[in-house]
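These protein sequence lines are chains W and R, in that order.
Residue numbering for the first sequence follows the numbering used here, beginning at 1 and increasing consecutively.
Residue numbering for the second sequence follows the numbering used here, beginning at 1 and increasing consecutively.
Check the hints yourself; a few may be wrong.
The list treats identical chains as interchangeable, and a pair is accepted whether it falls inside one copy or across any two copies.
To be verified - In silico SDA-like pairs for lysine to any residue, Cα to Cα no more than 20 Å straight-line:
1) K110 with D97
2) K110 with N98
3) K110 with G95
4) K110 with M96
5) K110 with H174
6) K269 with D100
7) K110 with L171
8) K269 with E71
9) K269 with D27
10) K52 with P210
11) K302 with G206
12) K269 with G104
13) K110 with P94
Keep in mind the hints are simulated off the structure, nothing from the lab.
Given the structure is predicted, the values throughout are model-derived calculations rather than measurements.
Here is what each chain is made of, one letter per residue.
There are 2 protein chains.
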Amino acid sequence: MTYPEQYDQYLHMVETTLERLLPQTQDACPAQGGMPAHLCETMRYSLMAGGKRVRPVLLLAACEMLGGSLEQACVPAAALEMIHTYSLIHDDLPGMDNDDYRRGRLSNHKVYGVGHAILAGDALLNYAYECMLRNAMEHADNLAGLVRAAEAVAQRAGVGGMIAGQSLDLLSEHEAPSLERLEYIHMHKTADLLTAPLLAAASIAGADEPQLAALTEFGRCIGLAFQIDDDLLDLEGDAALLGKQTGMDAQRGKMTWPALAGAQAAREKSRELWDCAGEALACFGERAWFLREYARQLRGRKN
Amino acid sequence: MTYPEQYDQYLHMVETTLERLLPQTQDACPAQGGMPAHLCETMRYSLMAGGKRVRPVLLLAACEMLGGSLEQACVPAAALEMIHTYSLIHDDLPGMDNDDYRRGRLSNHKVYGVGHAILAGDALLNYAYECMLRNAMEHADNLAGLVRAAEAVAQRAGVGGMIAGQSLDLLSEHEAPSLERLEYIHMHKTADLLTAPLLAAASIAGADEPQLAALTEFGRCIGLAFQIDDDLLDLEGDAALLGKQTGMDAQRGKMTWPALAGAQAAREKSRELWDCAGEALACFGERAWFLREYARQLRGRKN
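For reference, chain W alone in the conformation it holds in the complex:
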C-alpha cells in the first residue's frame, strides 16, 4: 500500500468511528442514556470541524506497526481526538486564551455561549472515557491491555500531563520566562498528548519495554518539534504581516522558543528534534515506514 492510501484508510477509520460514537440526534429529551440534541450539536461543532486527526492517526499507525488489533484501537483513537478537542474548546474560553476563532471558524463559545462551551468540553472529556471503558468491556479478550491504554491516555491528558502544562502556561503570564519552564510547558501541554496515542497503542498491542521506550522518545521529539515549528510559523506570519523587526517584537514577552532563544536557535532545535524522532523509530526497521513518512509530513507542514 502507498503512503497516501494508508493515510486515507486511517483517516477514514477515525471519521467513521467518530460518526458512529457521536451521530447527530434530534431528540431534545431522549430516554435514559441518550444524548440531548443541543448538547450533541455543540460537541459535534468542534469535533467535526476538520481537524487533522494527528493523535488518532498516530495511535492507529503505531498499533498496526506493533501487530495490534485496529478494531480494538479505533475507539481509543477517537477518544483521543475528543480529549484534544475538549482542550481546544476550553482553551478558547474567556479566562483562558479568549480566542474568537479556531480553525477559521467561530470558536465554540462564540456560537453556543460560554455555558454550553464549558459543558461541551466537559461532555467530550467524560465521553472519551465512557467510550474507552465500553470498548474495553466489548473486547474481553484484551481487557487488561485496553484498560492499560485508557490509563496511559488519562495519565498524559491529566494532572501530571496536558493539564499540568496548561496550568503552568496560564501562570507564566505573571512570571519571568525561562527556557526550563518553557520546556516543561511544551513537554506537557503539547508533547504528552502526542505521546499518549503511542503509549496506548503499545498497551493494546502488548509491546515490550524497549518498544515502549522508543515510542515514548518518538512522541516526545515530535511533540516538542511540533510546538517549536508552530511558534516559528507564527513568527513568520507576524513578520510577513508586520515586517521582520516588528515580527520579532510581537513575539517578545511571549513564552516561545524563538522569543527566548532566537529564531535561528529555534530552527536548529527543531531540526535536531525531528532527527531524533527518526532515530527513535530505528529499532522497528521497515515496519515503521508509515510513522517515518508521517513524521516527514508533519515536519513539512505549513500551518
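Assemble the complex: chain W is given as a structure, and chain R must be docked to it using the hints.
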C-alpha cells in the same frame, strides 16, 4: 456497630482516600507524572471544602451491603466525589450559574480566577478516571467488575446523564417551564449522580439483576426527593427572608417543583419518593439497615 460509628467509619475511609490520592504538593514543575503545586491547590480548595460526601458514602455502604470489597471501592467512591466537585466548580462559573459563594466560602473562580477554575474542574474529572483505571489495574482479580463500575459512573455522569441535565437546565432559561422538562433535568442533573455510586457498588460486588434494579430505583427516588427538598428549603428560606407571599414570588419563573406545582404538591411528592426509596430496599432485608437509616438522615436534613 451503631449507625454513627458506621457513618464515621465510611467518612474516614473517604477522607483518607482523597488525602492519599490528592496530597498537598510543593513542587512547581514536578517530574513526569507529578502534579504542579498550584494546580493541586486549586483542586484541593474545592475538593476538601467540607462536602457531605453523600455519593462516596452511598457507594461504600451499598458495596458492603452486597458483600463487595471496601478496599476496591474506596477509589471509585473518592472518584465520584471528584466528579461531583468538578461539576460544582464549573456550575459556579460566569456563563453558567455565576455564583460567588459555595458552601459558605468564595467559589473556586473567585479565588483562583476563571482560567484556573476551568482547569481545576477538568483536572478533577480527568483524575477521577485516571484513579479508577489505576485502581482497576491494581485489583486484577476483579478487573472486569471495576471496569464495569467505572463505566457505570461515566454513563451517569456524562452526555446521557448529569451533563444532559445541566445542558437542558441551561437551555430552560429561554423556554417555557413544564413539569415534564423539570423531571428530566432533576433525573439527570441530580438523581443520576446519586444512582451512579449504587450501580458502581453493584458492579464491584457482582450483584444480580434484581439487586441492580432495586438500587437503581432507590437512587432515582432519593435523587428526585433530594432535589425537591432543596427547592422547598430555598422556598422556606425566601419566605422567612421576604415574607410568605413574596417567597413564592421569588420562585416564580424558576423551574422548581414548588414553583410549577405548588408547595403542598411538592411536599406530597417528596414524601411519596422517600417512601418509595424505603420500599426499594425491602429486598435486601436487614442488610440494608445502614442505607435505610442514611436515607432517613438525608430526608431530615435542613440544608
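So, going through the hints one by one against the coordinates:
no. : hint           : result
1   : K110 with D97  : both (13 Å within a copy, 18 Å between copies)
2   : K110 with N98  : both (10 Å within a copy, 18 Å between copies)
3   : K110 with G95  : both (14 Å within a copy, 12 Å between copies)
4   : K110 with M96  : both (14 Å within a copy, 15 Å between copies)
5   : K110 with H174 : between (27 Å within a copy, 18 Å between copies)
6   : K269 with D100 : neither (32 Å within a copy, 46 Å between copies)
7   : K110 with L171 : between (25 Å within a copy, 16 Å between copies)
8   : K269 with E71  : neither (37 Å within a copy, 49 Å between copies)
9   : K269 with D27  : neither (52 Å within a copy, 27 Å between copies)
10  : K52 with P210  : neither (29 Å within a copy, 47 Å between copies)
11  : K302 with G206 : neither (35 Å within a copy, 54 Å between copies)
12  : K269 with G104 : neither (29 Å within a copy, 51 Å between copies)
13  : K110 with P94  : both (10 Å within a copy, 15 Å between copies)
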